[in-house]
Amino acid sequence: MEVDAEFGIALDYNPDYLRLQAPRGGLCAICKGSKMLCGKINCPLIVQLTSHLRIWRSIKGLSIDGASPPSVFVGRFGYPYVYVGPMTPPFHGDTSILDQPESWLEKPIEEIIEFRSQLIRGMYRVHVKEQDSVKILEQTRELSLSEHYVDTELTLKKPPTKRLYMDDDIQPIGPTAPLERINLSYIRWQPEMEKAYYDTDLRAAEAAKILYQKGVSVNDIQRAFSLGNFGLEKNRRLVPTRWSITAVDDILSKYLSEKVKEYPQINQFEVYESNRLGNRFIVVLVPEAWSYEAYEAWYPQTLWNPSTRHTVIITDWEGFDGRTTYASMGGCYYSGRLAVLEHLYKAKRQARVFIFRESYPNYIAPLGVWQVRENVRNAMRQIPFKFNSLETALKFVESRLSIGLEHWLGSGYLLKQTVTQRKITEFI
Amino acid sequence: MFDFEVSSIESFRNLVKALSVIVERGNFLVDESQIKLVAMDPSHVAMVDFELPKEFFKRYLLDEETKLTLNINELLKFLDRVEKDEQLEIKLDKENMLLIQCKRGGHTRRFLMPVLEPVDEEVPSPNIFFKSRARMLTQSLRKAIRDASLVSEHVKLEITNSGVKISAAGDMGSASSLWEKGADDIIELKSEEDSNATFTLSYLQDIVNTASVSSEVAQLELSTDMPIKMSFELPQGRLVYYLAPCIGV
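Protein chains in written order, with this note's numbering: chain A, 1 to 428; chain B, 429 to 677.
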C-alpha cells in the first residue's frame with residue numbers, strides 16, 4: 001500500500017509532512033469536512049484535529065508530566081539505527097486504557113483516536129543491538145516490562161510536532177519529540193516477564209509462548225518483545241513495534257496451529273460473525289484438516305480504496321504445513337490467524353478456516369491490526385450458525401456480506417479449491 | 429515382533445518418500461508375505477494403495493501378523509540418515525519401539541522411534557469403472573505436469589482413442605502436452621469413451637514426482653469427472669494412487 005509507505009517515511013524523517021493536511025487535488029477543498037464527499041461518514045481530518053486541539057492545550061513547554069499506560073515505541077526507519085522511547089499522556093491517574101487494545105472493541109473510532117493522540121512519543125536514536133548502558137534505553141526497557149501504569153516525566157529537546165500517525169498495523173501514534181531525559185517513578189516488573197528477561201538461554205519465541213501460556217496479554221508480550229527483552233543473550237535486539245506485533249502474532253499462532261493439527265476435525269460447517277469499528281468479519285470453519293485463507297475487501301471510497309466504483313479484494317492462504325513467505329496482505333493475516341486458532345485450541349478441534357473482512361466507509365481511519373484480532377476474537381465468542389453442507393454455509397455467508405460470492409471465489413485459491421475439489425470417499 | 433534386512437536402502441527410502449506425500453500417520457499391516465498400506469490423505473482427496481512383498485527384503489522374519497502405525501515423515505528423517513553402503517535392519521522390539529539399525533565395517537548406528545497408537549480407519553478401495561487407460565513413461569508424465577505448474581494450480585487430463593493430453597490454463601497463460609496414439613512415450617492406449625477430468629496440480633505433482641523415482645512406467649485410468657487411478661509399476665510390489673477430481677474449476 002503506497003499511502004501507508006509514504007506515511008511511514010514521514011514518521012521518522014520529515015515531521016512536517018504529516019501535519020493534518022487535506023490530500024491535494026481531492027474533494028476536501030470543496031467539502032471542508034461538511035459534505036462528506038469522500039464517502040466516509042466522518043471527516044478523518046476533523047476527527048484527528050479535534051482530539052489534537054484538546055490535547056494541545058495541556059502540553060506546555062518542554063516537559064511532559066503524566067502516567068505512561070505503560071507504552072513504548074520502536075520506529076523502523078533507519079534500521080538498524082532506530083528511534084526508541086516511551087509514550088505518555090500529559091496527565092496522571094490510571095491511564096492503562098490508552099495502551100490496551102483488548103478493551104477497545106466496543107468504543108467508537110473517535111474515542112480510540114483520541115486515546116492515542118494523547119500519547120506523546122519521546123524519541124531517542126540507538127542501534128538495535130546497543131548493549132552499553134544507555135540510560136534512556138534502560139528506562140524505556142523497564143517501562144516495557146512494567147505490570148502497571150508508571151508516573152513518567154519526559155524532558156523534550158523541542159516541542160512535540162502537532163501530528164498524528166496512523167497505519168494499518170500499529171495503533172495511532174500521537175505527537176512526537178526528541179528526548180532529553182526521562183524520570184520514572186517506581187516500577188514493578190511483570191513477574192513472568194522478569195523471569196524470561198533474566199533467562200538468557202531462553203529463545204525469544206519460546207519466551208513469547210511461555211508468557212502467553214501464563215496468561216500475559218498479546219499486547220503486553222508485543223510491547224516487551226519490541227524492546228528486545230527476550231531471547232538468547234547474543235541475539236537480543238530492539239524490534240520495531242510494527243514487526244514485533246506481527247512477529248508475536250506469528251509465533252503464537254504457529255504454536256497453536258501445531259497443537260490444533262493434532263485435534264479431531266469439527267463435524268459441521270460453522271459460521272461466526274463480528275461487526276465492529278466499521279468492519280464486518282465472517283469466519284467460516286469447514287470440517288477439513290487445518291488450513292487458512294483470509295480475505296479483505298475494501299469498498300469503493302473506503303480508507304485504502306479511493307476508487308468510486310471498484311471494490312478491491314486482497315487475499316492470502318496457507319495449507320496444512322503453514323507458509324514460509326510473508327503474507328502479502330500484511331500483519332492482519334497473522335492477527336486473524338491467531339484469533340481463530342485461539343478458538344480452535346480451546347475447542348480442541350481442527351478445521352479449515354476462512355476469514356472474510358469487509359471494510360465500510362465508516363472505518364474512517366486505520367487503527368492497527370489489533371482491530372482484526374479483537375474483531376475475530378469477538379466473532380469466535382458468538383454462538384455459530386451450523387450447516388451440514390458447504391453449499392448451505394456459503395449461501396448464508398453470502399447473505400451476510402455485501403460482496404457477492406463469485407468475487408470472493410474469483411480472487412482467492414483455497415475457497416475455490418474447497419468448493420471444486422471432490423473427495424475420494426464420495427466414490428467409494 | 430519382526431526383523432527385516434533391507435537390501436537396497438535407496439529404493440526403500442524412495443518408496444517411503446512416495447507414501448509420505450499422501451500419508452501423515454501410516455497404518456501398515458505386516459503379514460507373512462508382505463507389508464501393506466492403504467491410506468488417504470487428511471483431506472480425503474487422495475489415496476494410496478501400497479504393497480511390498482517379502483522378496484524385496486534380504487531377511488524377512490516375522491512371528492505374527494502385526495499392525496504398525498508410524499509417523500511417516502519421522503521415519504523418513506531417520507531413513508535419510510542411512511548411507512548407501514550401509515547394511516540396514518529394521519526391527520520391532522518388545523517395548524513396541526521401531527529400531528532402525530545401520531551397520532558398516534564394524535560400526536553400528538541405531539535409531540529408535542516410537543510406534544503410534546493405531547487409528548481406526550477402514551479404507552475401502554474406490555469402486556470405479558474406468559473408460560480409458562494409458563500406459564506411459566513416468567518421466568514424460570512428470571515433465572508435462574511440471575509444464576502445467578507454470579501457469580495454473582489445476583491440470584486437466586484427457587485420454588481418447590487418438591491420444592493423451594495434459595493441459596492447464598491460468599492468468600499467466602497456458603501450457604499443454606499432447607501425445608498422439610503411437611507416440612514414443614505411450615506404451616498402450618485404450619479408450620471406450622473420451623475421458624477427461626481436472627485435478628489439483630499440487631497433489632498430482634507430489635505423487636508423480638516422488639513415484640517416478642521408483643517407477644519407469646505408469647498406467648493412468650480415467651473416466652470423465654471421476655477419480656484418476658495411477659498405477660506405478662515397480663520391480664516388486666504395488667504402488668497405486670487414486671486422486672479425486674475438481675469439478676467446476
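No wet-lab data here; the hints were simulated from the structure. Worth double-checking, as some hints may not be accurate.
Label pairs and their computed distance ranges (CB to CB) [unchecked claim]:
1) A:T324 - B:K571: 22 to 32 Å
2) B:K505 - A:K386: 56 to 66 Å
3) B:N637 - A:R237: 16 to 26 Å
4) B:G534 - A:Y79: 53 to 63 Å
5) A:E102 - B:D653: 46 to 56 Å
6) B:P663 - A:E426: 46 to 56 Å
Computed from a predicted structure; not experimentally measured. Positions of the beta carbon are idealized from the N, C-alpha and C atoms, including for glycine.
For each hint, the structure was consulted:
no., hint, in the structure
1, A:T324 - B:K571: 22 to 32 Å, "26 Å, holds"
2, B:K505 - A:K386: 56 to 66 Å, "40 Å, violated"
3, B:N637 - A:R237: 16 to 26 Å, "40 Å, violated"
4, B:G534 - A:Y79: 53 to 63 Å, "55 Å, holds"
5, A:E102 - B:D653: 46 to 56 Å, "49 Å, holds"
6, B:P663 - A:E426: 46 to 56 Å, "34 Å, violated"
Checked against the numbered hints given earlier, the structure breaks hints 2, 3 and 6 and satisfies all the rest.
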